[in-house]
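Protein chains: 4
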Amino acid sequence: MMTEKIPVAVLGATGSVGQRFISLLDDHPWFKVVALAASDRSVGQPYANAARWVLDTPMPAYARDMVIVPASTDAVQAKIVFSALHTEIANELEPAFAKAGAAVCSNASSYRRGEDVPLLLPEINAEHVQLVKHQRRNKGWSGCIITNPNCTSTGLTIALKVLDNEFGVKKVFATSLQALSGAGYPGVPSLDIMDNIIPNVGNGGEEEKVEWEPRKMLGTLSDETIELADIKFSVHTNRVAVIDGHTVCASVELENPVEPETAIQALRAYAAPLSARDLPSSPRPVIEVRDEADRPQPRLDRMAGNGMTTVIGRVRRDPILDLKFVVLSHNTIRGAAGASIYNAELLVKEGLL
Amino acid sequence: MMTEKIPVAVLGATGSVGQRFISLLDDHPWFKVVALAASDRSVGQPYANAARWVLDTPMPAYARDMVIVPASTDAVQAKIVFSALHTEIANELEPAFAKAGAAVCSNASSYRRGEDVPLLLPEINAEHVQLVKHQRRNKGWSGCIITNPNCTSTGLTIALKVLDNEFGVKKVFATSLQALSGAGYPGVPSLDIMDNIIPNVGNGGEEEKVEWEPRKMLGTLSDETIELADIKFSVHTNRVAVIDGHTVCASVELENPVEPETAIQALRAYAAPLSARDLPSSPRPVIEVRDEADRPQPRLDRMAGNGMTTVIGRVRRDPILDLKFVVLSHNTIRGAAGASIYNAELLVKEGLL
Amino acid sequence: MMTEKIPVAVLGATGSVGQRFISLLDDHPWFKVVALAASDRSVGQPYANAARWVLDTPMPAYARDMVIVPASTDAVQAKIVFSALHTEIANELEPAFAKAGAAVCSNASSYRRGEDVPLLLPEINAEHVQLVKHQRRNKGWSGCIITNPNCTSTGLTIALKVLDNEFGVKKVFATSLQALSGAGYPGVPSLDIMDNIIPNVGNGGEEEKVEWEPRKMLGTLSDETIELADIKFSVHTNRVAVIDGHTVCASVELENPVEPETAIQALRAYAAPLSARDLPSSPRPVIEVRDEADRPQPRLDRMAGNGMTTVIGRVRRDPILDLKFVVLSHNTIRGAAGASIYNAELLVKEGLL
Amino acid sequence: MMTEKIPVAVLGATGSVGQRFISLLDDHPWFKVVALAASDRSVGQPYANAARWVLDTPMPAYARDMVIVPASTDAVQAKIVFSALHTEIANELEPAFAKAGAAVCSNASSYRRGEDVPLLLPEINAEHVQLVKHQRRNKGWSGCIITNPNCTSTGLTIALKVLDNEFGVKKVFATSLQALSGAGYPGVPSLDIMDNIIPNVGNGGEEEKVEWEPRKMLGTLSDETIELADIKFSVHTNRVAVIDGHTVCASVELENPVEPETAIQALRAYAAPLSARDLPSSPRPVIEVRDEADRPQPRLDRMAGNGMTTVIGRVRRDPILDLKFVVLSHNTIRGAAGASIYNAELLVKEGLL
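Protein chains in written order, with the numbering used here: chain A, 1 to 353; chain B, 1 to 353; chain C, 1 to 353; chain D, 1 to 353.
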């Protein structure tokens with residue numbers, strides 16, 4: 001498809017999400033990593049020395065000898081910039097890169113709520129990417145910022161999209177069991193999680209994110225703004241002793257109640273919008289529905305579709321609302337680095353680079 | 001208080017709940033273990049040989065040399081019989097013991113739904129124990145059967161009792177994160193739970209139990225029957241890599257909505273009914289409310305009140321209903337062996353033995 | 001290379017090692033699975049129903065609908081038969097298959113000590129495979145039995161081979177930290193290993209195996225017998241909370257003591273015998289030596305060379321003997337299913353099928 | 001025994017060893033905690049706010065409201081000072097306290113090798129405490145410094161003492177499987193140890209400590225110096241997914257080889273020196289020998305003797321040397337805080353305060 005690969009960079013390259021970016025960009029058919037940026041204490045070192053690699057797949061050869069540069073628009077020259085930065089740093093740096101002409105595909109939460117910033121899961125709201133046109137006019141940027149949601153919102157929102165399309169969703173109660181890699185490295189001390197769970201995630205903003213972000217992604221783009229979906233959310237978040245893979249237990253009220261079998265059929269039949277369907281990172285399939293009474297399970301199902309597929313199980317009647325089910329999504333692939341890369345691919349496909 | 005200790009027996013003494021009974025009955029001020037019963041393959045062996053001890057406290061000295069007897073009314077002579085039997089076996093044996101004159105204090109689920117069988121958590125529904133009078137008349141038994149609820153119902157129901165008393169409870173969404181010891185020994189294979197969660201418990205009846213049992217315990221005793229509380233429940237159950245301690249995340253709708261602070265005050269102020277207050281196993285306090293944003297945690301909080309206290313935290317507004325909170329309860333102490341012992345103490349206190 | 005694939009079967013197909021066979025044989029360039037055999041209670045069922053899949057890679061499509069057959073020479077028609085049978089069953093069945101003409105490539109311990117049975121790690125003792133000629137004459141079989149060692153012997157023996165070749169090995173003290181998958185499924189109960197280690201493996205024969213098997217593999221084939229290597233072993237085995245990957249800490253006395261750097265050079269320079277070098281399952285490289293002070297680690301290093309490479313680290317002076325080091329090997333790939341497949345490939349390559 | 005309790009302080013009170021000191025000193029019959037000292041960022045705060053409590057027993061009531069003071073001789077007025085300081089800080093502060101008149105009972109490694117500093121495990125080398133007389137003359141201190149060994153040396157040395165007394169010990173090969181609490185808090189990141197082991201501990205000095213410290217403790221006090229025992233050690237250290245309890249696998253060469261049964265008898269018969277026998281923290285018994293083939297195990301055995309007993313198992317012949325066995329010791333009780341307290345009690349008993 002491409003005659004020449006598009007130069008891309010990773011900001012925050014040494015952290016655990018940065019590592020996933022580097023791993024997923026290995027041999028990417030469209031993109032070529034030309035710069036790895038990290039904090040001052042890593043700058044100047046070969047990546048292999050600077051990063052404490054935590055993935056169970058080896059560090060890609062291309063990255064080992066790349067010398068880390070500062071995360072500045074001077075030092076990083078790339079058409080696409082993947083941001084695995086911490087929020088406070090992303091707040092400042094992402095607009096600077098967008099202004100300097102880069103398409104910033106961000107995993108940070110800084111601009112997810114921006115009125116002219118697409119919050120994307122291409123398999124469900126690819127059309128929201130058009131918002132970048134408005135963003136560019138608004139801000140006078142030649143680049144742009146596009147974002148992906150919080151890793152816990154991800155799988156849940158994909159499941160809800162199908163149900164909302166077909167039957168209308170009114171209310172959602174959701175409880176998460178989140179993996180350790182979501183906290184980065186060093187992240188959660190082992191003494192805090194061995195023989196234990198922690199009934200809260202992060203510094204407390206996690207539940208609010210999961211109660212708000214799906215409403216934007218399930219919302220309607222019209223007239224250069226996104227109208228939030230009129231769905232109510234109540235969310236509990238928990239950290240559990242799992243390396244990768246966030247599980248969410250959900251109870252849902254529908255406008256047009258259906259039997260579980262009908263919902264399962266709809267979930268299985270779902271296909272991504274055309275523009276998001278055949279990209280290198282497109283999930284294949286978008287959704288897998290398991291029939292077993294004890295699935296999905298993080299260790300067994302997180303790598304479905306190379307970690308991009310949303311796995312759903314235990315779709316059954318809810319005694320108060322209409323349906324109960326369980327959703328699993330790989331939090332550092334579909335829920336973080338893979339998400340930003342998929343977003344970048346959509347941007348290219350839509351000619352918005 | 002007692003001049004002579006009451007002879008008691010443990011049925012199913014070698015299993016993990018049986019072990020908790022043996023441990024908690026060590027030096028009990030009112031009870032003396034006179035018989036340990038188990039399945040045929042253990043009969044005739046000293047307990048120390050027959051049981052694969054899984055608790056992290058040592059096997060009590062009194063039990064080591066007791067020779068295991070069959071679980072029959074002939075072999076077991078005791079006023080109180082603690083049942084840690086599997087359901088199918090309990091179905092048959094418990095009535096036989098009751099008929100033979102024993103007070104069967106059961107942790108099995110066999111008779112929890114029996115119309116004349118008390119399902120007890122003495123700190124909240126001690127008055128239900130009076131149902132045994134009716135049971136005896138009904139069945140013509142000199143003994144009786146009294147039961148404690150499923151370990152996941154336990155903490156949740158105690159929390160709900162206080163809220164229901166004060167503000168009225170209408171609906172409950174609950175998601176559990178349950179400990180491994182709830183599955184007994186050998187129970188959950190390590191390959192199933194390492195780096196994993198299982199989004200279902202048991203063979204599937206667990207959620208239905210937790211959706212029904214609290215309604216009986218929160219119900220009203222009148223005219224020799226218990227009217228189920230008119231509260232709706234929707235429950236998800238999960239198994240997590242925790243040894244002991246079940247955590248439940250709950251969202252609750254109230255008849256008279258209140259601020260979290262008011263609910264916390266009520267939870268902290270709660271005292272058990274007089275008859276259940278000063279028994280050897282009474283939880284002290286009944287409820288502990290933690291203020292930290294990340295508590296209760298199983299490893300840190302399960303032994304509150306020697307494993308009998310219900311620990312609650314994160315009491316906050318629910319965006320759809322009224323309140324959200326987290327409840328922790330030790331599943332093999334308050335939720336199993338400790339529960340049956342506390343029930344037996346209540347029976348004695350009320351002169352119903 | 002092959003015009004037509006060789007028909008192979010897996011005995012004990014539903015267990016955890018059986019699953020690895022099925023996974024590793026997916027798309028094998030030389031072999032085609034024509035039969036899956038298991039115990040009576042699985043016979044007649046499609047594999048997808050009969051097996052409780054525990055690997056984190058999906059069940060290969062080819063296996064899902066294969067109907068399980070009994071492990072008998074009538075029901076199983078294949079040139080090569082991979083045995084993941086339990087010892088007692090292997091005792092009887094493997095000779096029956098060999099007599100019936102099949103090349104039995106066994107992971108069971110039954111015949112490892114047989115005087116005419118090769119115990120193989122092709123990258124170090126490929127020449128021992130010639131023993132099957134003698135075995136066939138001896139037993140009058142058209143088929144044969146060849147075996148791979150215990151999973152804990154595997155990595156250690158490969159490391160020792162290099163040191164023995166170059167410097168002579170006299171004594172070995174080894175302590176293992178073994179993964180849970182080595183015990184099969186359901187295997188180790190979670191209550192036994194959470195927040196715990198077990199300072200023994202199996203029913204006690206494990207240490208004796210690791211003290212004896214390397215001596216055979218490091219021995220010399222001459223005149224139709226193998227002379228055991230004159231090396232002394234002392235072994236401690238432990239089970240730890242790791243899913244896959246056995247770690248061994250070793251202290252070694254050499255005939256010609258060398259500096260750690262010299263040993264590292266020799267380990268890195270090692271190449272398999274020519275006949276074992278370019279087979280589909282050949283480890284690439286045979287040995288990887290890590291320089292970091294805290295490697296190898298099971299989670300990070302077990303998949304080196306697709307799980308076939310032996311990873312060594314911390315090569316340093318021993319204060320009593322000569323060298324200390326740490327060896328890691330994937331126990332169900334290099335140490336079990338992958339081992340038997342590699343053995344089968346060697347058999348084919350040497351024209352001994 | 002005491003008419004008035006001796007005022008004691010804890011330096012480094014907020015860390016995980018500091019927490020054990022506070023827990024073990026709750027209701028101590030001889031000592032009363034009068035000061036808790038920690039780093040600047042905690043000074044001035046009530047202990048309950050400053051410490052992130054990681055023990056599974058509740059924070060003692062006495063400590064909750066104590067206001068943290070700086071770790072200086074001005075701020076801390078106590079006869080006995082328990083040091084849970086980091087090495088670099090202990091280097092400076094411990095002599096300052098000793099000079100100011102305090103008996104410093106230290107868990108830090110700073111002065112363990114000091115020629116006039118006792119390295120104590122009272123149940124085996126109580127007489128070494130007399131070295132403080134020499135230390136006081138030497139340094140002109142009214143106070144003193146006494147130390148306990150590294151947590152991994154502890155159990156091993158106690159086992160070796162008995163064998164050395166009775167049969168003479170010549171060589172020791174030891175491999176440790178160490179608990180996470182040994183690394184303090186936050187310590188080991190969960191991503192480093194879930195489904196993993198780390199074949200090294202600390203920054204590399206651990207093995208050298210365990211190869212040297214036992215030689216001092218097993219050495220002979222004469223003429224104001226300790227002659228190191230002439231025993232050779234080779235040690236491998238590993239970190240495993242265990243919360244508390246260090247396990248060591250040991251192979252030992254004896255001067256007068258004996259059968260395992262004889263060694264077991266000697267281990268069981270061992271009694272502490274008279275002066276160390278009836279102190280509040282004396283282990284009861286000093287050593288417990290388990291007969292089972294799979295014990296000791298950290299989760300089941302670490303609390304033997306309230307965490308002060310050394311548990312030994314699998315005493316058997318070693319195929320190269322004479323004996324193999326497994327030792328377990330609670331690393332933050334017998335191996336750290338409990339050790340320093342036991343040392344302090346010995347100091348009092350011997351009139352050396």
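Keep in mind that the hints were calculated from the coordinates and are not lab data.
Misleading hints may appear alongside valid ones.
To be verified - Distance condition first, Cα-Cα at most 20 Å in a straight line; then the derived SDA-like pairs of lysine to any residue:
hint: 1; chain 1: B; residue 1: K79; chain 2: B; residue 2: P319
hint: 2; chain 1: D; residue 1: K170; chain 2: D; residue 2: I231
hint: 3; chain 1: D; residue 1: K171; chain 2: C; residue 2: R316
hint: 4; chain 1: B; residue 1: K232; chain 2: A; residue 2: I264
hint: 5; chain 1: C; residue 1: K171; chain 2: D; residue 2: P319
hint: 6; chain 1: C; residue 1: K232; chain 2: D; residue 2: P257
hint: 7; chain 1: A; residue 1: K170; chain 2: A; residue 2: I264
hint: 8; chain 1: C; residue 1: K171; chain 2: D; residue 2: S282
hint: 9; chain 1: C; residue 1: K79; chain 2: C; residue 2: L352
hint: 10; chain 1: B; residue 1: K170; chain 2: A; residue 2: I320
hint: 11; chain 1: B; residue 1: K171; chain 2: A; residue 2: R317
hint: 12; chain 1: A; residue 1: K171; chain 2: B; residue 2: P319
hint: 13; chain 1: C; residue 1: K232; chain 2: D; residue 2: P319
hint: 14; chain 1: A; residue 1: K170; chain 2: B; residue 2: E253
hint: 15; chain 1: A; residue 1: K170; chain 2: B; residue 2: K79
hint: 16; chain 1: C; residue 1: K232; chain 2: D; residue 2: R317
hint: 17; chain 1: B; residue 1: K79; chain 2: A; residue 2: R317
As the list claims (entries may be wrong) - Now the stretches of chain C that chain B is said to cover, found in silico as 3 or more residues with beta-carbon under 8 Å:
hint: 18; region: 16-28
hint: 19; region: 315-326
Ideal Cβ positions, reconstructed from N, Cα and C, are used throughout, including at glycine.
Each hint, compared with the structure:
no. : hint            : result
1   : B/K79 x B/P319  : violated, 51 Å
2   : D/K170 x D/I231 : holds, 5 Å
3   : D/K171 x C/R316 : holds, 19 Å
4   : B/K232 x A/I264 : violated, 25 Å
5   : C/K171 x D/P319 : holds, 10 Å
6   : C/K232 x D/P257 : holds, 18 Å
7   : A/K170 x A/I264 : holds, 18 Å
8   : C/K171 x D/S282 : violated, 40 Å
9   : C/K79 x C/L352  : holds, 11 Å
10  : B/K170 x A/I320 : holds, 11 Å
11  : B/K171 x A/R317 : holds, 16 Å
12  : A/K171 x B/P319 : holds, 10 Å
13  : C/K232 x D/P319 : holds, 8 Å
14  : A/K170 x B/E253 : holds, 17 Å
15  : A/K170 x B/K79  : violated, 56 Å
16  : C/K232 x D/R317 : holds, 14 Å
17  : B/K79 x A/R317  : violated, 45 Å
18  : 16-28           : violated (count 1)
19  : 315-326         : violated (count 0)
Of the numbered hints given earlier, the model fails hints 1, 4, 8, 15, 17, 18, 19; all others are met.
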